[in-house]
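Each protein sequence line maps, in turn, to chains C and B. Quick note on numbering: the numbering used here labels position 262 of the first sequence as 331, and the sequence is numbered without any gaps. Quick note on numbering: the numbering used here labels position 37 of the second sequence as 191, and the sequence is numbered without any gaps.
There may be inaccurate statements among the hints.
What the hints assert, rightly or not - Computed list of chain C residues with no C-beta within reach of chain B, every gap over 10 Å:
hint : residue
1    : Arg-126
2    : Val-237
3    : Glu-354
Said to hold, decoys possible - Simulated pairs of lysine to any residue, SDA-like, Cα-Cα distance not exceeding 20 Å:
hint : chain 1 : residue 1 : chain 2 : residue 2
4    : B       : Lys-450   : C       : Val-252
5    : B       : Lys-450   : B       : Pro-638
6    : B       : Lys-450   : B       : Pro-245
7    : B       : Lys-450   : B       : Ala-240
8    : B       : Lys-450   : C       : Asp-136
9    : B       : Lys-450   : C       : Leu-119
10   : C       : Lys-141   : B       : Arg-604
11   : B       : Lys-712   : B       : Pro-638
12   : C       : Lys-141   : B       : Trp-342
13   : B       : Lys-450   : C       : Glu-123
14   : B       : Lys-450   : B       : Leu-462
15   : B       : Lys-712   : B       : Pro-608
16   : C       : Lys-141   : B       : Gly-446
17   : C       : Lys-141   : C       : Val-252
18   : B       : Lys-712   : B       : Trp-629
19   : B       : Lys-450   : B       : Trp-342
20   : C       : Lys-141   : B       : Gly-324
21   : C       : Lys-141   : B       : Gln-449
22   : B       : Lys-248   : C       : Leu-119
23   : B       : Lys-712   : B       : Leu-701
24   : C       : Lys-141   : B       : Arg-445
25   : C       : Lys-141   : B       : Arg-347
26   : B       : Lys-450   : C       : Pro-138
To be verified - Pulled a few chain C residues facing chain B out of the computed Cβ check, cut under 10 Å:
hint : residue
27   : Met-147
28   : Asp-262
29   : Phe-265
In short, the hints are calculated from the structure, not lab data. C-beta: ideal position from N, C-alpha, C; glycine also.
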Amino acid sequence: MLQVEGIRKDYEGRPLLRGVSFEVQPAELVALLGASGSGKSTMLRIIAGLEEPEGGRVLWDGQDITDLPAHKRGFGLMFQDYALFPHRNVYENIAFGLRMQGLPQDQMDQRVASALEMIQMGPFAQRAVTELSGGEQQRVALARALAPRPRLLMLDEPLGALDHKLRVDLIQELRRILHEQEVPAIYVTHDRDEAFALADRLLVLHDGQLLQSGSPSQLYQTPANAWLAGFLGLGNLVPAGPIPGESRRYRTSFGVLEAAGPPPENGPIMLLLRPQDAQINAAEELNSFTARVDDAIFSGESYRLELLTSSGERLQIDSPNVYPAGAELRISYSPQALLPLQDTENE
Amino acid sequence: MLTRGKTKRNLKAGLLWLLPLAFLVFFFYQPLVAIFRLVFSPQFASGWDRFDLTQLTRPLLFSLYQAGLSTLLTLALGLPAAWLFARIDFPGRKFLRTLALLPFILPTVVVAAAFNALIGPRGWLNLGLMQLLGLAQPPIRLVGGLGAIILAHVFYNTSIVIRMVGTAWGHLNPRLEEASRMLGASPWQTLRRVTLPLLGPSILGAALLVFLFDFTSYGVVRMLGRPGLGTLEVDIYTQAMYYLNLPVAGLLSIVQLIFTLLLTIMQNRVTSPRYGKAALASESRVLHPPRGLGQKLLAGFLILIILLMVVMPLGSLVTRSLVTLDAERGQRGGIETGFTLRYYQELFVNRTGSLFYVPPLLAVRNSLLYAFLATLIAAALGLLAAYALAGSSGAWGLLEPLFMLPLGTSAVTLGLGFLVVFNRPPWNNPRLPLLIPIAHALIGLPFVVRSLLPAIRSLPANLRETARVMGASPWRVFMEVDLPILLRALLVAMVFAFTISLGEFGAASFLASPQNPTIPVAIFRYISQPGALNYGQALAMSTLLLLVCAAGSFLIEKIRLPGEESF
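Next up, chain C with everything else stripped away, as it sits in the complex (with noise of 0.2 Å):
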């Protein structure tokens, strides 16, 4: 299926991207995702063929496509703004590309209707693109993506521009309509929960270079690095030094820490201590420190506690009952509970 080698890009003289290769399985659903300014969406448009790489190769099949223009791969692409022709109403949005395959008047109606009914939007055919809402727009321009059968798509922050609620709708729906289609999907974002709800696998592209590629539970519970966890909001990260001869344990500005994962190879480490993982005045006295409530915030089911520790760290803890500010607290963490990642940002 896909291929992309070493793909290289400059944009204003820096380098965007340095040397990324992965693939894409058959009916594959991955999220590529990155801060903004990673150079997601400019990888995205190399496959499309809307820009051109400067080292590197793209490969469909095991065939070179690198020099292919964009409207002779037969892959679809759909954008952060849509891009629905204002000029052209819902049904003739959705058969362009139909049209630019020569395809028959009577089949050209029987797809557009399928797609239509695909994204529920039956009688919406005759109707202007400028006048449907933000989340119908979105549907239109994913039926006009798939209408004519890609052997890709690709999908550029297609929820960015749409609110929270319609959001989470729509990423389901949007995942039962790619797994029906068994279409394979590239889906660019910078957003972890989107990223988490849609994809089978994640491709995490920081500095120009693929991070880390897995599932969505392996980049939970093993991220990469000091920075993955902090950009997916895994947890309070404390800077903690390597103890010479006690290759578990951790000196931090609060205490020593023992932590049970195997220790990153070298440079700066930082421990990613999550608040939902941390226990309150336990019995236990290992692997614990003293802290003060600064504030609680109530959060729904818990309450999110930020509290101060003596050396003036701030955590973020999650706790079933509420304390006063002021209060002292005893925290523990079991060292199982504890990740030692590596700090590259501060090398």
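Put chain B on the given structure of chain C with help from the hints.
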């Protein structure tokens, strides 16, 4: 209470209307009515004895024909150029764009003189070819025919296409074209099915405006054409001033007015935005370096053509005004070229002897004075009118078209109207010195209103309210809030009005007395006369006018905020 406050406000708005309205009624609608009455007046009925329908049809058909041809050629060059400036990033892009937009502000006489210096019988190309091939007669005879007229029109109006279509193209969301590519459309199909349909309104609007300008072309046709090859505009002048046949001139004016009105209305209709924000770029990064060999070749070719198109005529004008050629004195054979400032020095020499002789410096003085007055009048009235239009509601709103009508009216028609009105008692003198600045102010007024109106409409009301709550009187509010914010738009409008007045030829050719010409009138007179000195002086004055107008254009670009390109 509410109704009373509203009535009071409406009354105030009415007062704002009054001054500009009175000015328009007296100096615009009165002359227009006078032209209408002229056609049916028994006093001039003798003019109809010699009337022959071809006197109307010939200039009308010629106007339509040359305007159609010019418009097509202008689009053929302008559309690719609009794409170039809207999409392609190349070194010197900003400079080339400024250069390509420069012709729009240039006076017709300057453009005509520039083409004369390039392809005229005494221009560089002909002199060069005569020297090279040993010819006795200039081989290129475009001047005095349709060719030169159309070339000059293309030179002029390509800037309109670049500005109007280029701006729309630059704002067109590039994702739409990319979406089309991704759906399997080739670049050519994308252009035909997506880009051009979306740009349709702006292309049509630009084409209509170009057609309107070509249709009413006057200075270019008079200076680069020949007798018998006249647009309606030129024949209005010829009938009125050469044959003294005022009824026929009036008839031509009315026919012309109907056409220009129709074109203006159509132009206003088509340019109103149709798709709203749907087709606009969500990000400003639409410029990219040329992709692929085809784009590189096309971009290079266009850059070369634009450079040649602008630089060759203007460069010829400047260089030709600085060089003396012996061949002009009738000495056949070796043409000696030499750098000289003589033509410029002669502008300041007061030679007498010829009955028709007018010191060039007088024309410069007149033009500057007229332009100054015209700018003041246009700015003051335009400010009042724009405020009245911005705050107009109900019955007052109906008056809006009255202010916009002068936009579609030609300068020659205005000149003719003034001639008729002020030839009567109590004035008895169509050459009253103040008439030229008034005519120029009328021509500049719509531009001032167009520049100010969007600025006034976008003034946030809460700024004024804040100032008023803090105790500022209405006058203080205007001085301390409105004026500082509007200053840019007002300055742009004033520079525009000033350059329009400096270069205006149509009305001035009616109203300027032989003893008191303006610069364009003097240039026309010099270039029509034989002799190297006259020719050189015409080019020297044109060069000076070119520099002033280029400075004005530069100033406008500097003052104007990005995205405020209303004309």
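What hints, given by number in increasing order, does this structure fail? Structure breaks hints 4, 5, 10, 18, 20, 22, 28, 29.
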